[in-house]
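> Sequences listed follow chains A and B, in order.
Under the numbering used here, the first residue of the first sequence is numbered 1, with each subsequent residue one higher.
Under the numbering used here, the first residue of the second sequence is numbered 1, with each subsequent residue one higher.
These aren't lab readings, by the way, just hints derived from the structure by calculation.
Beta carbons: idealized from backbone N, C-alpha and C, even for Gly.
Take these hints with a grain of salt, some might be off.
Said to hold, decoys possible - To give an idea of the chain B side of the interface with chain A (calculated C-beta under 7 Å), a few residues:
1) I49
2) L61
3) R70
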Amino acid sequence: MGAKGRLTGKGPDEYRLTMMQQKSPALAGLQAVLPLVLGYFPIAFSFGVAATRSGLTGAEAICLSLIVFAGASQFLAIALIAGGAPVLVAGLTLAAMNLRHVLYGPTLLQKAGADRATRLGWLWAFALTDEVFGAALGALVKGQRFSEGFMLILGFGAYAAWLAGTAAGAWAGGGALDGWPAVSAGLDFMLPALFLALLLSILSGKQVPVILIAAAATVAGTWFGSATLGLFAGMIAGAVTGVSWPSRETSHAG
Amino acid sequence: MRAEVLELALIAGALTYLWRYLPLRANLSDTAPNGLLARFLAATGPAAIATLFVAEMLPLLQAPLAQQGRVVVGVLAVLAAYAWRRSVVFATLAGACACGAAAALGLS
Numbered sequence: 001m002g003a004k005g006r007l008t009g010k011g012p013d014e015y016r017l018t019m020m021q022q023k024s025p026a027l028a029g030l031q032a033v034l035p036l037v038l039g040y041f042p043i044a045f046s047f048g049v050a051a052t053r054s055g056l057t058g059a060e061a062i063c064l065s066l067i068v069f070a071g072a073s074q075f076l077a078i079a080l081i082a083g084g085a086p087v088l089v090a091g092l093t094l095a096a097m098n099l100r101h102v103l104y105g106p107t108l109l110q111k112a113g114a115d116r117a118t119r120l121g122w123l124w125a126f127a128l129t130d131e132v133f134g135a136a137l138g139a140l141v142k143g144q145r146f147s148e149g150f151m152l153i154l155g156f157g158a159y160a161a162w163l164a165g166t167a168a169g170a171w172a173g174g175g176a177l178d179g180w181p182a183v184s185a186g187l188d189f190m191l192p193a194l195f196l197a198l199l200l201s202i203l204s205g206k207q208v209p210v211i212l213i214a215a216a217a218t219v220a221g222t223w224f225g226s227a228t229l230g231l232f233a234g235m236i237a238g239a240v241t242g243v244s245w246p247s248r249e250t251s252h253a254g
Numbered sequence: 001m002r003a004e005v006l007e008l009a010l011i012a013g014a015l016t017y018l019w020r021y022l023p024l025r026a027n028l029s030d031t032a033p034n035g036l037l038a039r040f041l042a043a044t045g046p047a048a049i050a051t052l053f054v055a056e057m058l059p060l061l062q063a064p065l066a067q068q069g070r071v072v073v074g075v076l077a078v079l080a081a082y083a084w085r086r087s088v089v090f091a092t093l094a095g096a097c098a099c100g101a102a103a104a105l106g107l108s
């Protein structure tokens, strides 16, 4: 423990919180982006492989990652392109799949409290994916102060990993993982592992009802409708549960 | 590069960007800490991450039963690794490695 912790008489938790709040945006951003880089590169590699296997050129795969930067909808784009879907219909379908992202910015700003800032929001919002949102939220819950520098490093670090992974996968080609089923299985589990780890990082007993309702609604929406409906149902049902639960139960929730 | 792929990327990319950016312009500074909107947004984070985890798991759990062993191994590895080190990086890598190792050992 450093001198400040001793002099102010803080307990271990308070001291850890203070140290996290004092960490520079650059250092905090680099620390938070590491799991995203490690998770994004292999998934993007899989995307590049899948895209070239489905007949897209390497340039087309990279173009999708460069402009869209939304993992799940990019995999869907491969299927839509390969299936010959009309461009406008396919574009709107992909955009609809990403509509859940409207909740992410306000949620982070609400968590930022007095530190909220949006001067560069037009820039860091571009990279506000599911995983970047989850990592940012996890850091804020642990005491990291919000800053736009932190968001830029987090978002564009993840973006760089996504582009590099896509390029590597496209370069490797469509059959790159055919002889490596164990590697393929590990890559397939990378995103679930990342989301589970992020969930654990923000988990507290107060949020259990929100999480359980969100999970149940996701299963029901997917089962009776589609994967996209399941995503919407889970997020909205969980958030509504947070509203309807007694306020003391969610006032500190992520 | 085919023009239709570029058009698709531009339509999907532009709208996705608007979903992410436009809500930032909403002024939330005068939101009551325990008001409906604040509670909705506070619950959105855990709800979103739980939803995304379940959405990622469902296709894996719809695979043949023989293939689900490696998923169970991966989940257990994430839980154990996070309990041990409290690190998202370590837990993510441990889960993926355990799942891949289980597949290599025949749980696939």
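> Answer holds if the nearest beta-carbon of chain A is closer than 7 Å to that of R70/B; otherwise answer violated.
Since chain A brings a Cβ to about 6 Å from R70/B, closer than 7 Å, the hint holds.
> For the restraint on L61/B, tell me whether the closest CB of chain A is nearer than 7 Å.
Constraint on L61/B not satisfied, violated at 10 Å.
> Please check whether I49/B passes as an interface residue: C-beta within 7 Å of a C-beta belonging to chain A.
Interface hint status for I49/B: holds (5 Å vs cutoff 7 Å).
Going through the hint list in order, the structure does not satisfy hint 2, though it satisfies all others.
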